[in-house]
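Novice: As they're listed, the protein sequences go chains B and W. Just so you know, my numbering puts 594 at position 311 of the first sequence, and the rest follows in order with no gaps. Just so you know, my numbering puts 249 at position 244 of the second sequence, and the rest follows in order with no gaps.
If you're looking for bench data, these hints aren't it; they were derived computationally from the structure. Owing to the predicted nature of the structure, the values given are computational and were not obtained by experimental measurement. Positions of the beta carbon are idealized from the N, C-alpha and C atoms, including for glycine. Treat each hint with caution, since some may be false.
As the list claims (entries may be wrong) - Here's a subset of chain W near chain B, in silico, CB distances under 10 Å, partners left out:
id, residue
1, ALA35
2, SER37
3, LYS72
4, SER114
5, SER124
6, GLY126
7, GLY129
8, GLN130
9, ILE134
10, ASP145
11, LEU147
12, GLU167
13, MET170
14, HIS174
15, LYS176
Unchecked claim - No more than 25 Å apart at the CA atoms, straight line, and that leaves these computed lysine to aspartate or glutamate pairs for DMTMM-like:
id, chain 1, residue 1, chain 2, residue 2
16, W, LYS143, B, ASP305
17, W, LYS146, B, ASP305
18, W, LYS143, B, GLU522
19, W, LYS143, B, ASP329
20, W, LYS117, B, ASP305
21, W, LYS26, W, ASP219
Claimed, not checked - Between beta-carbon pairs, the in silico distance windows are:
id, chain 1, residue 1, chain 2, residue 2, range
22, W, HIS174, B, PHE304, 25 to 33 Å
23, W, PRO203, B, LYS513, 51 to 59 Å
24, B, GLU303, W, GLY92, 56 to 64 Å
25, B, PHE304, W, ARG59, 47 to 55 Å
26, B, ALA399, W, ILE216, 44 to 52 Å
27, B, ILE594, W, ASP192, 38 to 46 Å
28, B, ILE594, W, HIS174, 56 to 64 Å
29, B, PRO328, W, GLU116, 31 to 39 Å
30, W, ASN100, B, GLY366, 39 to 47 Å
31, W, LYS176, B, TYR432, 43 to 51 Å
This is what each chain is made of:
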Amino acid sequence: MKPIPTRLAYGQTLVKLGREFDNIIVMDADLSNSTQTSLFAKEFPDRFINVGIAEQNLMGVASGLALSGKVVFASSFAIFATGRTWEQIRNSIAYMNLNVKIAATHSGLSVGPDGASHQALEDLALMRVIPNMVVLSPADVYQTEKAIYAAYRYNGPVYIRLGRAPYPIVTTPDMDFEIGKDIILKEGRDGTIFATGLTVGEALKAAEVLEEKGFNPRVVNIASIKPLDKELILKCAKETGFFITVEEHQRIGGMGSAIAEFIVEIYPIPIKIMGIDDSFGETGTPDFLLKKYRIDSESIVEEYLSFIKKIKVGE
Amino acid sequence: MTIRLTKDIKYIENKCKKVRKLIIDSLYKAKSGHTGGSLSSVEIVTTIFTAFLRFDPDDPFKRERDKFILSKGHAAPVLYVNLALNGFFNIFELNTLRFNNTRLQGHPSREKLPCIDASTGSLGQGFSIAVGYALADKIDKLDYYTYVVLGDGEIQEGQIWEAAMSASHYKLDNIIAFLDHNKLQIDGEIKNVMNVLPIKEKFEAFGWDVIEIDGHNISEMIKAIERAFNIKEKPHLIVAHTIKGKGVDFIENKVKWHGIAPNKEEYYNAIKQLGDI
């Protein structure tokens with residue numbers, strides 16, 4: 284199957300939810316054609332609210348609707364949905380533990396030609412640090428649909444990170460999805476590669492190359508960044524010798540940080556955190572940018588090999 | 006239990022005296038808090054709670070109810086006192102304001118005190134939440150009002166104008182907002198810190214129905230709210246001209262009384278000035 288942007292699955296899943304449940308309200312801030320909430324708007328105009336280019340109000344109005352018993356999906360680009368509205372999300376939504384699901388599209392470098400101003404590389408950190416907030420980062424369209432359903436059923440705020448670029452299909456429709464539970468996509472013994480979102484496909488490609496070179500990496504898809512699947516991560520620490528984490532996000536504060544924060548307390552092992560190294564992005568095609576910022580499959584292979592060497596020689 | 010609402014002006018005036026005394030009393034015991042802006046909004050909040058707000062203290066989450074949001078959350082004492090006097094909790098709990106482990110947090114917290122309609126304190130945010138409440142009632146075709154109290158310094162926040170725009174866009178005639186227009190903010194006079202005037206014209210340009218009243222006159226307050234009930238398709242703003250610190254001469258119109266509580270001497274002086282109930 285060809286890669287598909289996760290935002291498309293988001294739009295289609297909203298329509299399904301809308302048909303099943305009367306209490307769902309979808310909101311947007313003038314980006315409904317990009318976020319795909321326009322699909323819901325078309326079928327349920329009475330339950331779609333466009334607040335215009337006013338993201339702070341988006342989150343506040345979502346709070347009032349949630350306080351009235353609605354389950355609200357509020358969408359914009361990840362940069363605006365998390366950055367511009369961070370304090371509204373903290374004080375209006377999370378502090379009251381409200382049923383607002385912030386589904387943000389256009390995350391990461393893979394936004395592409397729009398450039399750095401529109402490439403959210405900090406959203407996971409910003410959302411993860413807020414109490415009560417659940418953070419999900421699905422890897423493909425199948426997982427997106429399940430994550431949206433899980434977010435609907437969960438009672439409280441959820442952040443769902445989605446993308447503009449086509450995401451390769453890495454899961455199957457019959458795989459389970461549960462908040463706080465993640466999956467091993469490829470078994471292996473010498474090290475574990477943890478990936479999330481778009482980088483899961485890169486990690487799987489890297490694992491194939493590494494297998495050909497005689498290595499045996501495990502690949503884990505972290506879709507639930509908060510809460511983490513601690514049981515699975517601990518198991519990987521005990522069964523494999525080191526971790527490589529890779530994400531389309533700053534190295535500071537994202538999925539790699541979350542894994543490191545957890546494992547360092549109970550079973551410290553060497554971890555290489557791959558991500559954007561404290562810089563902004565730039566205009567370019569997704570493939571070019573993943574390569575340039577060293578989160579593509581080739582870079583994962585190189586880091587894996589050099590990390591194994593480092594650990595072995597004790598550098 | 007349903008609360009019996011009354012528009013008896015003498016009764017409300019007397020209740021306002023009691024509210025002022027309890028505000029001063031709880032702030033004195035708390036040793037910190039926002040005295041000036043709590044006292045300026047006494048008539049606004051007490052009139053809403055006594056004459057208009059349809060709610061059941063035994064079932065605060067009932068879907069069919071009016072909502073009250075103190076968007077200027079730092080005036081928390083005026084809300085807590087009104088909740089206590091209306092049976093949401095025992096009046097003695099007011100003595101725990103700002104104490105360790107209290108439900109009466111420095112700024113209203115729905116996590117600690119679920120009967121309040123919104124956690125507030127970060128200025129501007131309560132106004133958007135009010136829009137959300139009012140919009141939900143329109144969607145569900147429920148005929149209830151959302152009352153929201155703003156500070157005049159608060160409307161310097163950009164979010165206020167985003168919310169104002171959306172309320173008129175969605176024709177939310179079920180929002181009745183009050184502006185506690187006491188003309189002072191922490192750093193000085195509003196017009197010197199960052200001028201928000203003219204307020205009426207600004208909100209009218211944003212599509213609101215606006216009137217100005219004396220914010221310490223119960224009769225004007227009641228008439229303004231009843232008038233709002235009869236104007237359709239527009240959200241309502243009642244600009245209530247008030248005096249910061251109203252009721253205690255050495256607190257009135259003093260910038261420094263924004264964020265401090267009375268000491269012992271000031272406390273007895275204030276209680277004496279507020280007189281018998």
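Novice: Each hint needs a verdict: does it hold in this structure or not?
Specialist: Hint-by-hint comparison with the structure:
1. ALA35: ALA35 of chain W check fails; min Cβ-Cβ to chain B is 21 Å, beyond 10 Å.
2. SER37: Constraint on SER37 of chain W not satisfied, violated at 20 Å.
3. LYS72: This hint holds: LYS72 of chain W lies near chain B, its Cβ roughly 8 Å from the closest one there, short of 10 Å.
4. SER114: holds, 7 Å
5. SER124: Hint holds; SER124 of chain W Cβ to chain B Cβ min 5 Å, cut 10 Å.
6. GLY126: Hint holds; GLY126 of chain W Cβ to chain B Cβ min 7 Å, cut 10 Å.
7. GLY129: Since chain B brings a Cβ to about 7 Å from GLY129 of chain W, closer than 10 Å, the hint holds.
8. GLN130: Nearest chain B Cβ about 5 Å off; hint holds.
9. ILE134: Since chain B brings a Cβ to about 4 Å from ILE134 of chain W, closer than 10 Å, the hint holds.
10. ASP145: holds, 7 Å
11. LEU147: holds, 9 Å
12. GLU167: holds, 4 Å
13. MET170: holds, 7 Å
14. HIS174: Holds, because the Cβ-Cβ distance from HIS174 of chain W to chain B comes to roughly 8 Å (cut-off 10 Å).
15. LYS176: violated, 13 Å
16. W:LYS143 x B:ASP305: holds, 15 Å
17. W:LYS146 x B:ASP305: It holds: about 14 Å lies between the C-alpha atoms, which stays within 25 Å.
18. W:LYS143 x B:GLU522: violated, 57 Å
19. W:LYS143 x B:ASP329: holds, 10 Å
20. W:LYS117 x B:ASP305: Between LYS117 of chain W and ASP305 of chain B the Cα gap is close to 30 Å, so the pair fails against 25 Å, i.e. violated.
21. W:LYS26 x W:ASP219: holds, 21 Å
22. W:HIS174 x B:PHE304: 25 to 33 Å: holds, 26 Å
23. W:PRO203 x B:LYS513: 51 to 59 Å: holds, 58 Å
24. B:GLU303 x W:GLY92: 56 to 64 Å: violated, 40 Å
25. B:PHE304 x W:ARG59: 47 to 55 Å: This hint is violated: roughly 29 Å between Cβ atoms.
26. B:ALA399 x W:ILE216: 44 to 52 Å: holds, 48 Å
27. B:ILE594 x W:ASP192: 38 to 46 Å: violated, 57 Å
28. B:ILE594 x W:HIS174: 56 to 64 Å: The hinted range 56 to 64 Å holds for ILE594 of chain B and HIS174 of chain W, with Cβ atoms some 59 Å apart.
29. B:PRO328 x W:GLU116: 31 to 39 Å: holds, 35 Å
30. W:ASN100 x B:GLY366: 39 to 47 Å: 42 Å Cβ-Cβ, so the 39 to 47 Å window holds.
31. W:LYS176 x B:TYR432: 43 to 51 Å: Between LYS176 of chain W and TYR432 of chain B, where Cβ atoms are some 34 Å apart, the hint is violated.
When each numbered hint is compared with the structure, violations occur for hints 1, 2, 15, 18, 20, 24, 25, 27 and 31.
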